[in-house]
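Number of protein chains: 2
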Amino acid sequence: MERILIPGTNEVSKEIADSISRELLLKACKPIHKVFPDGESYIRIPCNIKNKEAIVVQSFIQPQDKSFFEAILIGDALREGGISSSILVVPYMAYARQDKVFLEGEPISIRVVMKTLRMLYERLFVVEIHKEESLKYFGEGAVNISPYTHMARQLGLESSNIAILSPDIGALNRAKSLSQFLKCSYDYLVKKRDRITGDIVMEPKELDVNNKDIVVVDDIISTGGTIATASSILRKHGARHIYVLVAHAIMLGEAIGKLRKSGVDEIYATNTLPKKDGIKYIDIGPLIANYLSAYG
Amino acid sequence: MERILIPGTNEVSKEIADSISRELLLKACKPIHKVFPDGESYIRIPCNIKNKEAIVVQSFIQPQDKSFFEAILIGDALREGGISSSILVVPYMAYARQDKVFLEGEPISIRVVMKTLRMLYERLFVVEIHKEESLKYFGEGAVNISPYTHMARQLGLESSNIAILSPDIGALNRAKSLSQFLKCSYDYLVKKRDRITGDIVMEPKELDVNNKDIVVVDDIISTGGTIATASSILRKHGARHIYVLVAHAIMLGEAIGKLRKSGVDEIYATNTLPKKDGIKYIDIGPLIANYLSAYG
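Chains as they are written, first to last, in the working numbering: chain A, 1 to 296; chain R, 1001 to 1296.
To be clear, the hints were calculated from the coordinates, so they are not data collected in a lab.
All figures in this text were calculated on a predicted structure; none of them were measured in a lab.
Some hints here could point you the wrong way.
Restraint-style ranges between C-beta atoms, simulated for each label pair [unchecked claim]: (1) R/1149 <-> A/291: 55 to 63 Å; (2) A/11 <-> R/1278: 15 to 23 Å; (3) R/1133 <-> A/275: 41 to 49 Å; (4) A/149 <-> R/1046: 41 to 49 Å; (5) A/252 <-> R/1280: 39 to 47 Å; (6) R/1139 <-> A/122: 20 to 28 Å; (7) R/1200 <-> A/291: 50 to 58 Å; (8) A/275 <-> R/1280: 17 to 25 Å; (9) R/1034 <-> A/122: 53 to 61 Å.
Calculated from the model, a selection of chain A residues having no Cβ within reach of chain R, i.e. all distances over 12 Å [as the list claims (entries may be wrong)]: (10) 11; (11) 14; (12) 40; (13) 85; (14) 136; (15) 172; (16) 180; (17) 195; (18) 203; (19) 211; (20) 237; (21) 294.
Backbone N, C-alpha and C define an ideal beta-carbon position, used for all residues, glycine too.
Excised from the complex, chain A in its bound form (with noise of 0.2 Å):
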């Protein structure tokens, strides 16, 4: 079946497709996007797509209600004038991270987000969903893209003396998986209480740091906290290097500042959301293209 490139509505989504449809050599189809004087978004597809297969891009940055629902107003159109079939590939996934209940009257926002987008297309692709099992409630055809082996083979990582660190025991597969990739030593952090200040502490579980370079690898960063406080403290264990491989880099307010205060060396994350200074960029679009092939 003939497949056609939608890329979607924001900066990001565009040079994430362009990228793609260069992998794939696929014909790109550029919607016609605006958003009127009262807020409401308009979308037009203006390529015939009757019976093919579109691959829409479409990034949930903010505001994200509305690259949301732009994604849903593309599907709808692609439906209505015709299309075969729709995969829709999300860069960046918004409100994966309420995905249970955590107090009593809460949604789960991922949930209808993924069955408001499974009702107009047929297949997902989503660059690190922060927990994989959100996909169920796309149901079958949802695929989650893990970057991280990616990214450390583009920037050519390899150390003898290299160890990966996750920021919390939940997310020990990531630095797990990245260690085998390396074919060296992982371990997460604990919160520790110190002896002799009584301060709470972040500290690996039995690693020890020094002289080392460690990558700490995380899924998404928003304020940094975490990774700055554990940064302070595998420096004065010795650390050698400490480098952040970070999915989707949110950074608020003085979160890189934060980081590289800390003792961060370098931050590289992929370009699933807009750019800051500060931070080095992994293109995505390679990877994504490769599981489009894969799947096709």
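Guided by the hints, dock chain R onto chain A, whose structure is given.
Same frame as chain A, but now just chain R:
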């Protein structure tokens, strides 16, 4: 079944919910609502809702996509909390004007809104949805609330010399049913070319407006351009007073000033949208309460 009222996340919705609560003597459960620093919305329903019927009031005011999304978050939280059935009241329905494909490649935006709401709500009440046919996308259980006779009654509109005007033939039924209530004549505006100047002007199809009080009825006013043009001409033709009765007063930019300058004496709107100076508002809450009682 015990009913519980859930006011929505914006001031407009809270005011209307208050009014419904007073009319129906319903207990309200105010959701906990915040927007995280990254822009995502958070909702929690802090009441026991198990086996009850919820009435959620959420007007889809700007930012429309967020208002809409928060309505589905509330819907999900209610289902999660074991609600027996959920009714959504939408005083202002966004995206109602994209109710068909005007140009090839467009979505039917109101369709995706309706279908998404239907996943989470059993019934839907909307104040003046532009085209009543759009309710079919929700399916059974959707009701349109026409506000004009309620408005006329609240205003005590009566005059021996009153006439109702629709801005176009498409919306003639609005004018017709209000004229039946007021026992007066009605007509619609047509575009005509002035025989002397060659200008396009808006004139009543047949009605002689001389010395009459004219009530122009419309569902939504955005820029006010059409009605301002019509109003100047009605004045020239000797209209005594010109009143505008509008369900949803968006009134972008200088719309209100433009209408006043064109000869409109007073603009009456319902409180489905944020309030602006120069408009007299009529509370829609009691009318919605009537509908909720009738469909109880």
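Does residue 203 of chain A sit more than 12 Å from chain R, CB to CB?
The claim holds: residue 203 of chain A sits with its nearest Cβ about 28 Å from chain R, beyond 12 Å.
How does the Cβ-Cβ distance of residue 1200 of chain R and residue 291 of chain A compare with 50 to 58 Å: does it lie in that range?
Since residue 1200 of chain R and residue 291 of chain A have Cβ atoms about 56 Å apart, the given range 50 to 58 Å holds.
Lying within 39 to 47 Å: is that true of the beta-carbon distance residue 252 of chain A to residue 1280 of chain R?
holds, 43 Å
Does the claim that residue 237 of chain A lies off the interface hold, with its Cβ farther than 12 Å from every Cβ of chain R?
holds, 31 Å
Holds or violated: is the Cβ of residue 85 of chain A farther than 12 Å from all Cβ atoms of chain R?
holds, 17 Å
Minimum Cβ distance from residue 14 of chain A to chain R greater than 12 Å, as the annotation requires:
For residue 14 of chain A, whose nearest Cβ neighbour in chain R is about 18 Å away, the distance exceeds 12 Å, so it holds.
Whether residue 136 of chain A stays farther than 12 Å from all C-beta atoms of chain R, as the label says
Check passes; 15 Å lies beyond 12 Å.
Quick check: does the Cβ-Cβ distance between residue 1034 of chain R and residue 122 of chain A fall within 53 to 61 Å?
The hinted range 53 to 61 Å is violated for residue 1034 of chain R and residue 122 of chain A, with Cβ atoms some 35 Å apart.
Non-interface label on residue 211 of chain A, tested against every C-beta of chain R at 12 Å
holds, 37 Å
Using the Cβ atoms, figure out if residue 1133 of chain R sits within 41 to 49 Å of residue 275 of chain A.
holds, 45 Å
Interface-negative label, residue 172 of chain A against chain R, beta-carbon threshold 12 Å:
holds, 25 Å
With d taken as the least Cβ-Cβ distance between residue 180 of chain A and chain R, does d exceed 12 Å?
holds, 32 Å
In terms of the numbered hints stated before, the structure departs from hints 2, 8, 9 and 12, listed from lowest to highest.
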